[in-house]
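Hey, can you work out the whole structure from these sequences and the hints?
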Amino acid sequence: MVREFARPRRKNPVLRTRLPNLPPGGRSRVALGLTAAAALGRFELQRCRDCQAVQYPPVEACSRCLSVRLRWELQSGDGLLIAQTELAHSNDLFFRERLPWRLGMVRLDCGPTVVVHLHGDCLPAPARVRVDARLDRSGQAVLFALPDTETANMADDPQLREFTCDPRFRKVLVTDGRSPLGQALVEHLVKAGADLVWVGQAEPWKQFPGLDALRAMPQVSIVPLDLTDSSSVRELAAEIGGRVDIVVNNAEVHRTHGIGDRQGIETARLEMDVNYFGLLRLAQAFGPALRARAADGPTGAVAWVNLLSIYALSNYPPHGTFSASKAAALSLSQCLRAEMRSAGVRVVNLFPGPMDDEWNQTVVPPKVSPAVLARALITALKSGVEDVFPGDVAQEWLERWRDNPKALERELAG
Amino acid sequence: MDSAISIEAGGVARGDVGGASVLLRLAAELVSGQIRVVDLTQTLAPEFPQISLPPEMGQCWPFRIEEVSRYDERGPAWYWNNFSCGEHTGTHFDAPIHWVSGRDLPRNATDTIPPEDLIGPACVIDCTAESAADADFLLSRSFIERWESVHGRIPARAWVLMRTDWSKRTDPVAYQNYDETGQHTPGPDAEAVRFLVEERQVIGFGSESIGTDAGQAQYQRPPFPCHYYMHGAGRYGLQCLANLDQLPPTGAILICPPLKIRNGSGSPLRVLALVPA
Ligand SMILES: [Zn+2]
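These protein sequence lines map, in sequence, to chains A and B.
The first sequence begins at 4 in our numbering and counts up by one.
The second sequence begins at 1138 in our numbering and counts up by one.
What the hints contain is simulated information worked out from the structure, not anything from laboratory work.
Check each hint, because a few of them may be wrong.
Pulled from the structure, derived: some chain A residues nowhere near chain B, Cβ distances all over 10 Å [stated by the list, open to error]:
#, residue
1, V71
2, Q210
3, G213
4, D229
5, D232
6, L273
7, D299
8, D395
9, V396
What the simulated footprint calls covered on chain A by chain B, stretch by stretch (three residues with Cβ under 8 Å from a Cβ of chain B suffice, anywhere in the stretch; the number is not a length) [claimed, not checked]:
#, segment
10, 50–57
11, 198–209
C-beta atoms are modelled at their ideal positions from N, C-alpha and C, and glycine is treated no differently.
This is the structure:
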């Protein structure tokens, strides 16, 4: 049985901090379909629309009838473990450092037989398992077989932990504690076992509800941080940058204007200054230290989280300038993801629909609550998902956007 | 010596009487230290607190600074920055056009204000004890009249500076002094402002806190009386001043030219006072 993950001992400060190695990251374009689904937390395989055969590995044409009419479809992943082995030797740098490594072969109920990374709690073959597509540290999907029923310390399997970003025993920076979402994030991170949560506060003379509750948590440390002020960001990075394992950038400015209903550009510029340039400032200041500590023991630097918006995908004209700033942030987050990938640090983007906050006061429900959003983030970190669309509205928008972005644009224009 | 003027080490000018000799004597006394220059300016820095309006309103930029290059690949032999701020950031000047009551006056903006208005005598009214006891302290007409009974009548075209030692609150939280009902900082009441404008013809009013008006001035009648009456009469404002404790009650000369922004409503500036040693 997998043992409970124990708090790692403090590291010996005279030893060199190891550099991260990555698992093999090359994939064909068609194989990236598996990655695209896994980024959303889905296990999808291609199914032939002519002979119905489910395909693995991903192919250009059906492996049974050669039809090119293949469609990615959600799979349950249920299957039978028919063989397992333990890798004792590897010339691959990533696996070499992690030996021994359990591998198995699973006959999926949907058809194909697949090679999988094998969870430590899977019973010896033949045994029922559940196969999932998970992103590895290269950001590519691989297949991972989990026990078909929950075990005591399932998330603590050392192999599985190589694919996840569990906040337990980690140190987290939440960039804004003022918003109800910021406070919910802090609360849930603490509940998830974070050792320490630094919480940013801009404009300290503005008191806000909830500040005392934040201060009352022993894991919380309130720190001055204003994303519009480069020197403030650099100063905090100098103080704590070498200790942060997860950055959660939830600071945002949200005003409810399009182009024609607000004179001038001042509010739009403020949105851009926080939502886009703020991310850039933060990434320049905290990114290098995070990359350098990606292999710093079992609770080293592991993830970067951005609060975006479903409006980043397609402009919602009543909140038009906010949408534009989030679209800019989405684009920059892709750059950040590419730059963090060399260290295996995962960049997680949150795309909530309207949040139940003061700037959506006049938006009719459903609205996603701060608690739901915070829970979705914890789940995403624990499962290693990259793109999170929490709540019904975000899910619906995502489906409509994937189906036909132009149609969604017209629908949002009212 | 054909100029008929010479300056001795002691700073005494001889020769012509009149404007030229006064200026030369001034220069000499600055050199000798008989006249001291006091800097009344807060340092422009990102941490310095900024006026805060309700978030749905337009906001004045705080001071921000970005490095352009520092003897590096962005510019090998030179160091420089770009900075940004609002017209009402840090120690700053308010022109009459800042307020709706002064919007139609002639020469009411930073580029058109008569330059001679930017140098003048200062009367410093010490409200330190009262402000320490009550953050919402309001300077009244009777308080000013009591000051005059000791220091003499405020001359026309003088600056009146309200000394509160507020600038010594280096913690931004204490400086802004917000609670759930807003900001609590001292300022003048409406009657005092009208008295200074109409009966003393002051050229402007200066304060150490973030506005010339008190923190709760939106509840006065009219709201923000110092802005309303001063600017309505073409007079000026200075706020976020520092070092007023180094000025005598009377006898200092204030130098406070704002940046020459076209149609500007105000500007950050360096405020200097000339003070007899
Ligand atoms: Zn087929």
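So, going through the hints one by one against the coordinates:
1. Its beta-carbon lying about 51 Å from the closest one in chain B, A/V71 satisfies the requirement of being farther than 10 Å from that chain.
2. Not every CB of chain B is more than 10 Å from the CB of A/Q210 (nearest about 6 Å), against its label as outside the interface.
3. In this structure A/G213 is separated from chain B by more than 10 Å, as the shortest Cβ-Cβ distance comes to about 14 Å.
4. The Cβ of A/D229 sits about 7 Å from the closest Cβ of chain B, inside the 10 Å cut-off, so the non-interface label is violated.
5. For A/D232, the shortest C-beta to C-beta distance to chain B comes to about 4 Å, within the 10 Å cut-off, and the non-interface label is violated.
6. With a least CB separation of 7 Å from chain B, A/L273 falls inside the 10 Å interface cut-off, contrary to its annotation.
7. Taking the minimum C-beta to C-beta distance to chain B, about 29 Å, the non-interface status of A/D299 holds against the 10 Å cut.
8. With a least CB separation of 28 Å from chain B, A/D395 remains clear of the 10 Å interface cut-off, as annotated.
9. Under the 10 Å C-beta cut-off, the non-interface status given to A/V396 relative to chain B holds; the minimum distance is some 24 Å.
10. Interface restraint, the segment 50–57 of chain A with chain B: violated (0 residues with C-beta to C-beta distance below 8 Å; minimum three).
11. Restraint check on the segment 198–209 of chain A versus chain B: 4 residues with Cβ-Cβ distances below 8 Å, three needed, restraint holds.
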